[in-house]
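Trainee: Listed below are the residues making up each chain.
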Amino acid sequence: MAVVFDRTQGLAEKQFHYCPGCTHGIIHRLVGEVLEELGVLGDAIGVAPVGCSVLAYDYFNCDMHEAAHGRAPAVATGIKRVLPEGVVFTYQGDGDLASIGTAEIIHAAHRGEKITTIFVNNAIYGMTGGQMAPTTLIGQKATTAPYGRDAVDTGMPLRMSEMLATIDGAVFVERTTVHNVAGIRKTKKAIKKAFEVQLAGLGFGIVEILSTCPTNWGITPVESLKWLEENMIPYYPLGNFRTPEEGK
Amino acid sequence: MPKRKGKVIFTEDRCKGCELCTTVCPVDIVKMNKSRINVKGYHPATVDEMEKCIACGNCATICPDVVIKIETIEEEK
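Heads up: the sequence lines are chains A and B, in that order.
Be aware that the first sequence starts at 1, since it is given in the UniProt record's numbering, and climbs by one per residue.
Be aware that the second sequence starts at 1, since it is given in the UniProt record's numbering, and climbs by one per residue.
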C-alpha cells in the first residue's frame, strides 16, 4: 500500500472558512505543498491580504503576517529586507492587488523585491459581497454593476500579468487556472517556479491564478468552473509572460 | 501491466458538498451521499464502488477543502 495523495504539512489542521466550491482552498493547498516540497516551511513567511483570504494566516503552517488592504507587497518588502534568508510570499486577491494595492505591487515588482506573490483573480470582490472589481469582465453582473459592467463608464478589465510583465524587476510572471485538474497541476508547477526564482535571488515572481467565486457569481461550484473556462480564459489568456533567461 | 487499484478516504466532516470531485473522476464513482448529512450540514462526497478506483488522484487534486486522501492497494498475484 502506498499513499498517493495526503494532506500536506504546509497546511495547518484548521478547516477553511471559504464557501463550498471556492477554489481558494485548492490554491492554499498548492502553496502549502510547494513550500513543503522545497523544504522551506521553517523559513517561509507569508503575508495575508484583506479580502476572503484575510484569515490565510490561520491556514498555512508557517510564519504569517497580516497587512493593511493592498499593502501586502510593502509589508513583504520590509520582512524580506530584515530577514533576507526568509522565503517571503504574499497571497492576494484581485480586489486587494489590482485595485487598492496596485501601487504597492507595481513598485515591489519595479524594485525587483525578492518576494513571491500568489495573485488570486476571481473577477469580483468576494468578501464584501460581490462588488465590481477592476478585473470584472464586461457584461458581468456585480452588486455595484447590476446591469453588467459597462466599458464606457468603468473601462476594460485590468490585465495585471501583462502589465507587470513590462517591468524589468518582475522576472517571473505567469497566469494559470484551477478550473480543471491539468490546470491545477500546471498552477503548482508555476508556484514552484516562482518560489525557486526567489530562492535563487533573481527578483520578483508572481503567479496569477484564475479562480472562481460561486457565491457572488450566483451559480453552482460546478457551473463556476465552466463559466471560468468559457468567459475568463478568453479575456485572460493563460501562459508564461516572463521567465528568467536561464530558465528558458 | 497490472491495473493499479486505489482506495479513497474521505474526512467526511470537512466536506462542504461542492460536488467538484464528482466532475473529474475518470471512472465516475465519486458521488454525493444523499442519505447522509455531515456535521457542517452538507451531503458529503463518497465512493460506493471502491473496486473501480484507479488511484488517479483527480478528486483529491480538485477538492478545495482537502477532504480526500488516496492510497493504492497491492494487487493479489
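In case anyone wonders, no lab produced these hints; they're calculated from the structure.
Predicted model only: the values in this text are computed from it and were never measured.
Wrong hints could be hidden among the right ones.
Stated by the list, open to error - Partner residues are not named here, just some residues of chain B that face chain A (Cβ under 10 Å, in silico):
#1 R4
#2 C15
#3 C18
#4 Y42
#5 D65
#6 I73
Said to hold, decoys possible - Taking lysine-lysine pairs in the BS3-like style, the calculated list, with each CA pair at most 27 Å apart, reads:
#7 A/K226 / B/K31
#8 B/K7 / B/K34
#9 B/K7 / B/K69
#10 A/K193 / B/K69
#11 A/K14 / B/K52
#12 A/K186 / B/K40
#13 A/K189 / A/K14
#14 A/K226 / B/K34
#15 B/K40 / B/K5
#16 B/K3 / B/K52
#17 B/K31 / A/K14
#18 A/K226 / B/K3
#19 B/K52 / B/K34
#20 A/K141 / A/K226
#21 B/K3 / B/K31
#22 B/K34 / B/K3
#23 A/K193 / A/K141
#24 B/K40 / B/K3
#25 A/K189 / A/K226
#26 B/K5 / B/K34
#27 B/K69 / B/K5
#28 B/K7 / B/K52
#29 A/K14 / B/K34
#30 B/K31 / B/K52
#31 B/K5 / B/K31
#32 A/K186 / B/K5
#33 B/K69 / B/K31
#34 A/K14 / B/K3
#35 B/K3 / B/K69
#36 A/K14 / A/K141
#37 B/K34 / A/K186
#38 A/K14 / B/K40
#39 B/K69 / B/K52
#40 B/K69 / A/K192
Using N, Cα and C, we set each Cβ at its ideal position, and we do this for glycine too.
Trainee: If a hint holds in the structure, say so; if it does not, say that too.
Mentor: Results for each hint:
no. : hint            : in the structure
1   : R4              : holds (9 Å)
2   : C15             : holds (9 Å)
3   : C18             : holds (3 Å)
4   : Y42             : holds (7 Å)
5   : D65             : holds (5 Å)
6   : I73             : holds (6 Å)
7   : A/K226 / B/K31  : holds (19 Å)
8   : B/K7 / B/K34    : holds (21 Å)
9   : B/K7 / B/K69    : holds (8 Å)
10  : A/K193 / B/K69  : holds (26 Å)
11  : A/K14 / B/K52   : violated (32 Å)
12  : A/K186 / B/K40  : violated (31 Å)
13  : A/K189 / A/K14  : holds (25 Å)
14  : A/K226 / B/K34  : holds (24 Å)
15  : B/K40 / B/K5    : violated (31 Å)
16  : B/K3 / B/K52    : holds (10 Å)
17  : B/K31 / A/K14   : holds (25 Å)
18  : A/K226 / B/K3   : violated (32 Å)
19  : B/K52 / B/K34   : holds (21 Å)
20  : A/K141 / A/K226 : holds (17 Å)
21  : B/K3 / B/K31    : holds (22 Å)
22  : B/K34 / B/K3    : violated (30 Å)
23  : A/K193 / A/K141 : violated (35 Å)
24  : B/K40 / B/K3    : violated (36 Å)
25  : A/K189 / A/K226 : holds (23 Å)
26  : B/K5 / B/K34    : holds (26 Å)
27  : B/K69 / B/K5    : holds (14 Å)
28  : B/K7 / B/K52    : holds (9 Å)
29  : A/K14 / B/K34   : holds (26 Å)
30  : B/K31 / B/K52   : holds (13 Å)
31  : B/K5 / B/K31    : holds (18 Å)
32  : A/K186 / B/K5   : holds (25 Å)
33  : B/K69 / B/K31   : holds (16 Å)
34  : A/K14 / B/K3    : violated (36 Å)
35  : B/K3 / B/K69    : holds (20 Å)
36  : A/K14 / A/K141  : violated (33 Å)
37  : B/K34 / A/K186  : violated (33 Å)
38  : A/K14 / B/K40   : holds (14 Å)
39  : B/K69 / B/K52   : holds (16 Å)
40  : B/K69 / A/K192  : holds (22 Å)
Violated hints, listed in ascending order, are 11, 12, 15, 18, 22, 23, 24, 34, 36, 37; each of the other numbered hints is respected by the structure.
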